[in-house]
Amino acid sequence: MERLPSQKQTAPPQPQLPSPQEWEALIDDLQSGVPSRLPRWLPPGAAPLALLDLLLACVLRRDFPSKPFLLLFLEESPHLLVPSPPDHAAPALSSLVDALRALLQSPADATPAAYALKEQMMVAVTSVAITVDALDHAPRQLEDLVELLLAVVNRPNHGPDRQARAVACECLRELERAYPCLLSEVAGHLWNLCQSERTHAAQSYVLLLTLVVHNIVQHSVPPTAMGILSTSVQLVPFNVPGYLGTVAGKNQDLSELNLRDIRRIMAFLLERPMILTPLATAEMVFMLTRVVKALEGQMSAAAALLKVQFSGLIYSYDPMLCHVVLMLYSHFSDAFSGDEQNITHRLTLVSKEGQQPVVFRLLALHWLVGVASRPPDKKNLLVPMASSFYPSVFDPLGLKAAKLDVLALIAIVLGFSRGEKGKKDKEVDNSKSGDCVAKLFEDCLVCVSAFRWLPPWSTETSVAFRTLHKFLTGAVPHHSSDNSTMSILMESTTFNTLQNILVNMAVEHPGLVPVIAAFVDRLKGCETHRQLGERLLQTFDECLLPKIVMGYRVSAYFPIFERIAENVKIPPRHLLELLLRFMVFLAEKHGPDVGLRSWSQGSKVLRICRTVLMNHRSSRVFSALSRLLSFTSQFFPDLEVRDNARIYLRMLVCIPGKKMRHLVNLGEQLLGVTPSPHTGLFYQVPSPRSSPKKPSGISSYIRLERVIPLLVNQLWSLTIPYLAAKDYEPVNPEGSRSIDSVDVSGSADVTIEADGNFERISSTQEPLRVMDSKVSKILDILRRHFSCIPDFRHMKGLVIKIPCNLRFDAGVFSQVWGTDASSADSDETHALPALYAIVLSVSSTSKYGQIPSCRVPFLLGEPSVKDQAIVPVDNTSPGRSNSRRLVTIELEPREPMPGLVNVVLQANGENGQIISGSLQSIPVGIEDMFLKASVPYNVSENDIRQYYLDLFNALWEACGSSANTGRETFPLKGGKGVAAIHGTGSVKLLEVSADSLIHCIELHLAPFVVCVMGGPLLSALKSNGIIKNVIWKEEHTTPTDHNDDVSTFAESTSPLQIQYIKDEDESDSLLDIRRTSLGSFFVLIFLPPRFHLLFQMEVHDTSTLVRIRTDHWPCLGYVDEYLEALFLV
Amino acid sequence: MSDDGSCCSVRAIWILNPQDSVVFSRRFPVVEKRWRTACQKEREGAGGGCAEPWLLPTDEELALAFAERRRREGSTHGFGIRSSQSVQGSDSWIDDPITRHVISLSITSKRGGGEKFLLWPLVFHLQAYFHILVLPLVEPQHLKTYERISQRSDCGSSVGGQESLSSLLLDLPCITGAFLVAHSLGDIITGENLDPEVVVSSTPSVGGLLDSLTGSIGISSISARAKPAAASVSSSTTSGSAVSGASSDAPKSSSRSIDRDALRSFISSSMPFGTPLDLNYANIAAIKLNGFSSSDVPPLDLKQPAWKPYLYKGKQRMLFTIHEIVHAAMYDRDEIPDAISISGQVNCRAELEGLPDVSFPLTGLNTARVEVLSFHPCAQVPEQGMDKHAVMFSPPLGNFVLMRYQAFCNLDPPVKGFYQLSMVSENEGAFLFKLRLMEGYKAPLSMEYCTVSMPFPRRGLVFFDGNPSVGTISTTEHSVEWKIITPGRGISGKSIEATFPGTIRFSPQSTQKVSSASRFMNGCISEDDSDLEQENSSNSANVEEFLMEKMNKEIPPADMEQPFCWQAYNYAKVRILLLQLSVATIANWQSFCFSLCPFFFHLVSFKVVGGTLSGMTMDPKSVSIYPAVKAPVEFSMQMIQVKGRCEEGAGVLNRVAKLGR
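Sequence order for the protein chains is B and S. Mapping the first sequence onto UniProt numbering, position 204 (from 1) lands on 204, and the numbers just tick up by one. Mapping the second sequence onto UniProt numbering, position 249 (from 1) lands on 249, and the numbers just tick up by one.
Worth flagging that the hints you see were computed from the coordinates, not collected in a lab. A few of these clues could be false.
[To be verified] Here are the simulated lysine-lysine pairs, BS3-like style, with alpha carbons at most 30 Å apart:
1) B:1033 x B:777
2) B:569 x B:524
3) B:988 x B:774
4) S:144 x B:293
5) B:1033 x B:1022
6) B:439 x B:307
7) S:483 x S:621
8) S:41 x S:110
9) B:604 x B:801
10) B:293 x S:110
11) B:378 x S:33
12) S:33 x B:293
13) B:604 x B:589
14) B:439 x B:604
15) B:524 x S:110
[To be verified] If we take Cβ atoms under 7 Å as the criterion, some of the chain B residues that face chain S in the derived model are:
16) 157
17) 174
18) 268
19) 270
20) 273
21) 275
22) 277
23) 320
24) 355
Think of the CB as a built atom: it goes at the ideal place given N, C-alpha and C, for glycine as much as any other residue.
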């Protein structure tokens, strides 16, 4: 359709005109932007204006039915008919004007419909002319159009076409509006026409004239010498004034002559404004206002004139007329000075007018507020009218709300004036007007009083709370940054009243609590008024909590509790105490008919606890919260609640504050805690996923280390496989006496074993032997001792504990797991990554029995050492800081042997990753097996030392070469198994000075020393005071069984002698070993499960001879290395 | 209020049906061009800070945006005040009830590639389930101001603050004008553009302008519009009309289609180029229909007002009717005075030749405690002295409302009594009415009819039993009607007593979902308080209180156009409620609509004839016409319609209302 521009102007010779229905379809299509049906009427190559021509042809046809419809289309959619204005405006407009002319000059058809068509055609053509920018693109045609319209207008008082003339005036007015000053040259003619027209069309003439004058004044056209009203320029033919393109803003005053003309026109216009309709009056006043405004300097009294003429309109019930007066008022408030009272009063009354639609009553209130707020501030005018704004019963709620707004405004004005007065006047006056505000405040709530017993979502409730809000916040506007006003407000009557109202409301109507909470939220969400919300919460904490009656209704207050718990500034102690009482109440009331209520309420309480955990420092809430939680976890009837309480309690105890906040955070943003990328991990783990990284890598940054490093890193112990024990067994000549094989048959024995020898002896198949008293005493002691050793095959064996530190390197961890922990504020524990719910599974190939796994709830990363040159002191002390956790590995050895334990770690990272992998193995040394022998229960405290010594002696004997006890068996605790002693001995000479030896013993072996002999030694030890509770013997005697001792000694000393021979100088001292002896240590070490290691250490100045006896010979090897490491390294 | 000399222009008009599709739209390209020019200027002035002016939305875009707003704001009008679900930038965020009427739409422009822009101010008027939207022309800076206001992140602006909505509305008379346009269009859609009623002794009522033109003969073919029905007097203006207990948002499929041609022709004539000049439908229709002939001569010395295109010719007379509507809240309590306020109007019909001025003193003003007086635009009001009111006016053709007033009650009500109801269960109750009619009223005051109706818009009536001492009962599924006095058997000069005991049962209430509006409001209440309910059921010492609470729970929130939640009052006092039913009047005839209620409100309507409740009156002899002409003046006082409710909350309110005096 656009392909061929305007070359072919030839319209289709005699086109088939579309029918009205077809037009309707066509227009529908065109307006919806789907011109699919267009080709039916227009060939694809048709001229761009073909459609317009088609339309005009239809309009001009005599009997075409729906012409108004087509004209409407023309008026509404000129862009469809004249697709590109710059090119087509002229031809289109000329054919339009031709059509209009044809229509207007058609033989007089006096039917109303014919006139209506003409009127509509004028409007449509004018509309098109304006939309296609006729002045720019088709000035010639525009002149034609204006000429046509002026011709219509130029027949004042003609009877039948008066409406058409009115419409023509409107068309001219629209053109004048679009092209200001278009008609200014013919103003004189218009003035004459206007004066002579007497039909109802006069209104349009008046408006046209007003606009022309308005534009002349606004744009200050070049003043003609003849005056504005001269008729020197002919009305017809019409020419576009030459200056039209250059009309600019007003910058020059009108000449005296012109001014006089304008005065005349004004006087005429104001003569009888009553002939205009309300909307036309508004138009006229609007234009006159601008004229007067522009000429304010030159026409002083004009504003007052306008006021006199129009201010009576405010008593009309037509809202537009009221607005006209307000329009005047807002432009010429000086002229109205003194009348403000009238205006505000009248607007107040309009809002009361029951016959008006609600919207106008609302508008009246808005106008009122607008008028009062305009500078100069006239809000004081409202105060005496306060009572007029009390809503009446039958006011719609929206209106009530608006009236309450005004009342709030008044209260604020009152409050302010009081504030100012309060500085000067007496206290009494102050409180009086304060009362006034408070009363106003309370009165306001009465009109929506129903909200108290309506459901919280009722509109009345919303309106009531909205009013509260307005009353409260109005005093401190949002843009003010003045803190002092805020603090004044906090102390104000309004706020105090409000607090009381809310507290009482909450007490009496628990159902409203959610709304109150929402109210607080609204305040808290606001930059300016946050303090108010917080203060309210404080009030609730102080005043509401004590008033709450214990009962199921307490749960209604949870929304407020939540807010209190959230607020950092309010110590939650009161709240937690209340909740504790509530939990006690729930626990007491629990019964079969309670159903799920306990669960529901309990969960809600825990939710609040969670909020408290999240928002408060753990230390601050610790005591109250832990009491609440521990009560809940112990006594609450519902299992799930108990469980959760326990978890919370556990977290409270173990996890530091900030970490915990992240942990218990359900996903919402925390106040005061910087947003963390891994929120909501505890509950919102998407799906547990295994670590994407290699689990083996974790040992590089997660470390489990022994607290006490091993003296000997007995690498070779690695080579002792589990099976090795079996290999030993055949070697053991007394296999029948090892625990494995010694098994008492028959349960009958079990019962009698404890009683005494006789039964036991009779039950065994041992031949009778002769025993001397010494041997029997030894046996007694041993029996007694062994009966205290648990038999691990039947009961829990003895346990050794290896304390270890678990820690991990934050830096490496973060690199691996990609947390943001490496952020700058490294002193904050918050910045460090953490591991949660760590489980260490421990296993070993050595015979350590079942090793229980260890659990650590929380572990904080350790700042990388390389980052921090100085490690804080408290970080180094294990167990104290959260970055190190003491883990105790408990072994239940089946055999006292060193070995390795393997540790596999599983934990949760902060993002919910599951971290797992093996850590470095923990070596177990022989010294880990060292235990003190257990003492029978019937040995008194005082006898323990002696008991140990006796036991030492007995074992020394039994492990000696003598076979006196070799065939004896000793029942173990539990009575199911027996043990036998097969002793071995060894000797070791330690070439260390006595001092260092004593030091070492004090350091490592002190608990095991049962006896010290020899004065010099004693004095050395006693001064140190480390070894206590042992038998001290001044005289130095060799242990019992000297012979045996010597022989062993001889065996063992020979290599030493050889050594010493090398060193000639010291041979003397060598020989003096025994003589220069300072004394002896007797050391008794119990090796689980049931073995012993005995040292007899003869201390000399420069060396020490250690005699070793044991009933578990494989340990000698380890002991040898141990001793060397202990003393020689 | 644009720069180029028009205070009120309309860019576009849309009318949507209840199904949210546009059934009528009208755009004014001339005004649109002005808008674009203004935007262009603003843009140049602001140094490119202003965006390209958006095209008017297409009908579909607008309908979509409107539906979206309804979804977002909870109801068609929106909530108006901020709730927990209000979104920043939306109307309810501004927290002002006027935003239910002056709305904004966020249009997703398809032509603009899905970009959104704000359309404001859209004047929104709902009539007969049609949504009428009128978009007046404002300056771009006003739009920007509104946008800023609606985007503020604070907790809600305070009244009278800087850059407030109030200030905007004061500056924009175009919004006021657009409302007038919207209301006129609404009247055309519903055909409710009725003339105010004027009662003549000979005929029940006389028609409007067309009758005047045709010398009171009445051409039925022209006056296609129905004559004002007796009871329909300005019902559209009474706020909180009693029967609207159901939410006005209820999507009723209106089978009525709108008369597009009538709308088109009205718009073309009343607002050429989008600038409204005359919204008087009667005048416009008359001109359209009659045109002018050469026999219509203009007055010789005066200009004929635009609102009086024709001059009356024929027998001259003047008719006045005072018409009052009474709102009453009454309580059977000594400490709480009843609150009765009256909306009255003086209707007039001046069949006078030429353009005379009429004046008459309002003698009744002294006795009537009149609070508000406002006048027809044709009246000239002396600025001072309400007490010595002489009204001077130049009457238009046809019936018109010369004056409106608000007043307080001067007389005792003609219906007194009480009403008791006790609810046995959720669905069953027993009630008792005891009424005294026309007590102390002497002839010639007469009551023409009196009807008590009990509508139950939300409950189905399954059983009803009761026997009144006077009158007849008729029931439908949702109402019971008790006709105490039927038309034609009116009482005069005597009082009667009427009692009506009965029982009533409803079909069990379906667990209806709380309406979307209440959900909207309900947002702040996240958890169902089932705990409380359990508690109530467990220690149900007070069954009635429990019932009450339970019923309360299902009450949807009241619409902002309602004075209060009627339904709540229905359920409110399930316990015995005594209330004094009273009502007042005298006059030719009075109709009393009284909504009293314990559960479900009741409508008492009656008609008493003989005077006004307010005491407003006028002396026909004192009416003077200039230039003097001999014309009989007839005067009648008319119809009173009373609405009332009785309950405690209102009592407290009443005390507040008293403070206002």
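Verification of the hints:
About 22 Å separates the Cα atoms of residue 1033 of chain B and residue 777 of chain B, which keeps this hinted pair within 30 Å; it holds. With a CA separation close to 13 Å, the supplied pair residue 569 of chain B and residue 524 of chain B stays within the 30 Å bound. For the hint linking residue 988 of chain B to residue 774 of chain B, the alpha-carbon distance of about 28 Å falls within 30 Å, and the restraint holds. This hinted pair checks out: residue 144 of chain S and residue 293 of chain B have alpha carbons roughly 26 Å apart, not beyond 30 Å.
The hinted pair formed by residue 1033 of chain B and residue 1022 of chain B meets the criterion: a straight-line CA distance of about 12 Å does not exceed 30 Å. The suggested pairing of residue 439 of chain B with residue 307 of chain B is violated, with an alpha-carbon distance near 39 Å, which exceeds 30 Å. Taken as a hint, the residue 483 of chain S and residue 621 of chain S pair is broken in the structure, with Cα atoms around 39 Å apart against an allowance of 30 Å. Taking the CA atoms of residue 41 of chain S and residue 110 of chain S, the gap is about 25 Å. The hint holds against a cut of 30 Å.
Of the supplied pair hints, the one linking residue 604 of chain B and residue 801 of chain B is violated, its CA atoms being roughly 42 Å apart against a limit of 30 Å. In summary, the hint linking residue 293 of chain B to residue 110 of chain S is not supported, as the alpha carbons are separated by about 43 Å, beyond the 30 Å threshold. The suggested pairing of residue 378 of chain B with residue 33 of chain S is violated, with an alpha-carbon distance near 39 Å, which exceeds 30 Å. Distance hint between residue 33 of chain S and residue 293 of chain B is fulfilled; the C-alpha atoms sit about 26 Å from each other, no more than 30 Å.
Proximity of residue 604 of chain B to residue 589 of chain B is assessed by CA-CA distance (about 17 Å); at most 30 Å being required, the pair is judged to hold. Only pairs whose Cα atoms come within 30 Å are accepted, and residue 439 of chain B paired with residue 604 of chain B is rejected, the gap being roughly 38 Å. The suggested pairing of residue 524 of chain B with residue 110 of chain S is violated, with an alpha-carbon distance near 39 Å, which exceeds 30 Å. Checking residue 157 of chain B against chain S by beta carbon gives a least distance of about 6 Å; that is within 7 Å, so the hint holds.
Hint on residue 174 of chain B holds. Least Cβ distance to chain S is approximately 5 Å, under the 7 Å limit. Taking 7 Å as the C-beta cut-off, the interface hint given for residue 268 of chain B is violated, the closest approach to chain S being about 11 Å. Hint status for residue 270 of chain B relative to chain S: violated, with the closest Cβ pair at about 13 Å, above 7 Å. A cut of 7 Å between beta carbons decides the hint on residue 273 of chain B: the least distance to chain S is about 10 Å, and the hint is violated.
Nearest Cβ of chain S to the Cβ of residue 275 of chain B: about 4 Å, under the 7 Å cut. The hint holds. The beta carbon of residue 277 of chain B comes within 4 Å of a beta carbon in chain S, closer than 7 Å, and the hint placing it at the interface holds. Taking 7 Å as the C-beta cut-off, the interface hint given for residue 320 of chain B holds, the closest approach to chain S being about 6 Å. Interface restraint check: residue 355 of chain B against chain S, minimum CB-CB distance 5 Å, threshold 7 Å, status holds.
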